[in-house]
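Those protein sequences? They're chains A and B, same order as listed.
Reading the first sequence from the start, the letters are residues 1 to 180 in my numbering.
Reading the second sequence from the start, the letters are residues 181 to 720 in my numbering.
None of these hints come from the bench; they were simulated from the model.
A few of these clues could be false.
[What the hints assert, rightly or not] Each pair of labels, with its calculated beta carbon distance range:
no.: 1; chain 1: A; residue 1: V102; chain 2: B; residue 2: T263; range: 51 to 59 angstroms
no.: 2; chain 1: A; residue 1: Q104; chain 2: B; residue 2: G274; range: 43 to 51 angstroms
no.: 3; chain 1: B; residue 1: L585; chain 2: A; residue 2: R35; range: 30 to 38 angstroms
no.: 4; chain 1: B; residue 1: P204; chain 2: A; residue 2: T69; range: 42 to 50 angstroms
no.: 5; chain 1: B; residue 1: P277; chain 2: A; residue 2: A179; range: 25 to 33 angstroms
no.: 6; chain 1: B; residue 1: A224; chain 2: A; residue 2: T2; range: 46 to 54 angstroms
no.: 7; chain 1: A; residue 1: R35; chain 2: B; residue 2: G641; range: 36 to 44 angstroms
no.: 8; chain 1: A; residue 1: A179; chain 2: B; residue 2: A224; range: 55 to 63 angstroms
no.: 9; chain 1: A; residue 1: A29; chain 2: B; residue 2: T564; range: 34 to 42 angstroms
For every residue, glycine included, the Cβ atom is placed at its ideal position computed from N, Cα and C.
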Amino acid sequence: MTNFVAQALAGLRVLLVLTVITGVLYPAAVWTVSRAPGLHANAEAVDTTLVGIDRQGDRWFHTRPSAATLPASGGSNKGEHDEDQDAVVAQRRTEIARREGVAQDRVPQDAVTASASGLDPHISAAYAELQLPRVAGENGLSEQRVRELIAASTDGRSAGLLGEPGVNVTALNRAVESAT
Amino acid sequence: MSSTAAGLLQVGVLVVALAVVHRPFGDHVARVYTGSEHTRIERAVYRVARVDPDSEQRWGTYARAVLGFSFVGVVLLFVLQRTQSVLPFDHGRGDVPTSTAFNTAISFVTNTNWQSYVPETVMGHTVQMVGLTVQNFVSGAVGMAVAVALVRGFTRSRADRLGNFWVDLTRGTLRVLLPVAFVFAIVLVASGVVMSLESGVDVDGHTVATAPVASQEAIKELGTNGGGVLNANSAHPFENPSGWTNLIEVFLILLIPVSLTRTFGTMVGDRRQGHVLLGVMGVLWTAVLGVIWAAEASGLRPLEGKELRFGIPSSALFANTTTATSTGAVNSMHDSFTGLGGGGTLLNMLFGEMTPGGVGTGLYSVLVMSVIAMFLAGLMVGRTPEYLGKKLGQREVTAAAVSILAMPALVLVGAGIAAVLPSTREALTNSGAHGLSEILYAYASASNNNGSAFAGITVTGDWFQASLAVCMAFGRFVPIVAVLCLAGSLAAQKKVPVTAGTLPTTGPLFATLLGGAIVLVAALTFVPALALGPIAEALL
């Protein structure tokens, strides 16, 4: 037992020293480097398009549904055999089909399922195409013009290989806003 | 390029990167733990902390040092959380509630990083940095220290000392974890990960929480910790903004567990001994990846709980990697996986997390399983089993068995009690077979020090906070003490010479034995539970 206490006290001293190094100096060093021009905007998420939050109203492209209650990020955590979730998804599909004036089977998967973070900025090309006529009409833009904006807001795979492509709704809506 | 082709190429890139890097890095780690020189900074650490770096410890003292260090770690982290309101950068989040602070302290000290709180509203930036980040480093370094002590048990002959825990801890932190974490923290910021002391940022009129993410993100993956700086963890765009950062994070998770097999081979003087372990780990990792990927690709709602920028391949890759190590970070919500896909993540943990396992924990777990495999082989041929020139007698096999069986006992007893408690029903998001999977997953995750969750389960009630904390603590320290006891008794032995009757532990026969032992132990223990949970769900 005295051995344990002696070891614990030594442990406390070592922990305090390592706390200064890894808990104070290390984050401070990373933070300081992140102030550099070129990194600062990333570090502080200046004008970020990394997150997507749905903008209300027919003028805008809509994001995927969000199960998050901000400020907490998160998903629905519903399993695939959950019957309540079947109803939620069916209702979303009906509403989107009605909103866009299309048949229900044209509504893509990403439009009716909640992301993991609840802040997913991306939608599929199919969902963007589905919303295009409405957004063009509401903003008095030609469909051709909006299609160009969609193309400009489409992120490919990183290095052409990693992850999946998608249309960044946050960037797209800002582009729509400045085009009108 | 199709999604599948890109995904396969991505796995190829990852495997090649690891194959190239793990050799020099594993050898670097071997030098760190075998060199006799102390750096200037390390000497300063020992001087300030008043420990003698040149005296070695018996296994019992080494174990007490691990336990003592972890105990004060829990106390300090608990106190930090309970006094959060007086610390800077808490952004009005106030003191962390007692039961949450207790659970979190044990969780981060045991390298589990299970989170029963919402960081955005509960955890301020000072506790994240000065408390949680520190444990991200040192709990990983503790795992490596124990693994290295076990390897020394094999390499030493007629020795009563295993090394000096304070030296192993300090070197692992300062020479292995810190430099890599620093470089990759900067890479992550350059790739879009946030590093902010503000509480939030305005996005089109809504406030989205920010945090000093990058510094913790790097060590969270590298140390196979996994605790999210933000609630959605590596699914949050501020933690993991792109396919590129996702690959970096998966690489960081695997870097040390994979490299340690090389370290092991180098330290025992026969690299093939490390290759065979890595081979078995790699086969099981690949097999479960295939199951998860295929299951998710054929799900009813494949994008529920997944980020579009990751899609199915990168979500499956991350989910498989995080559960096959002891990480527990997530880039998709495992609770929304298919029965089989979620079952795959669960199975990875129930293997005992050794494919390739956590930082240090993976290596010592697979070495313990190797002892079990050689014991079984010895029974079959009627010879006293040996491994790496050490006889495996009653004491060694008992220690190995205790180490292996602690986790299943905790999972089955914990989940069994939780399943019959009336209060559990309200804690679940899902019902039926999937509800049972939520419970089983929670106890598997805690007892294996993984930390991921079928997050639909609400674990803020007293029963879950306390019982999961107990599982985390015993799941961590019972195997550690057993492993150090095993190391002590191996070190004390004289090496026995290799003879014609020695079963070689570098070839396909041993690989089959080891892989078989891993699968068999998990199957014998968990088939009934798995049949009622994920298997039943997969058959729906």
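Hint check results:
One distance hint, 51 to 59 angstroms for the beta-carbon pair V102/A and T263/B, holds here, with the actual separation near 57 angstroms. The supplied range of 43 to 51 angstroms is met by Q104/A and G274/B, whose beta-carbon atoms lie about 47 angstroms from each other. The beta-carbon spacing between L585/B and R35/A, approximately 51 angstroms, falls outside the hinted interval of 30 to 38 angstroms. The beta-carbon spacing between P204/B and T69/A, approximately 47 angstroms, falls within the hinted interval of 42 to 50 angstroms.
Between P277/B and A179/A the beta carbons are some 49 angstroms apart, a value that contradicts the proposed interval 25 to 33 angstroms. Between A224/B and T2/A the beta carbons are some 28 angstroms apart, a value that contradicts the proposed interval 46 to 54 angstroms. The given range of 36 to 44 angstroms is respected by R35/A and G641/B, whose C-beta atoms sit roughly 43 angstroms from each other. For A179/A and A224/B, the hinted distance range of 55 to 63 angstroms is satisfied, since their beta carbons lie about 60 angstroms from each other.
At roughly 54 angstroms, the beta-carbon separation of A29/A and T564/B lies outside the given 34 to 42 angstroms, and the hint is violated.
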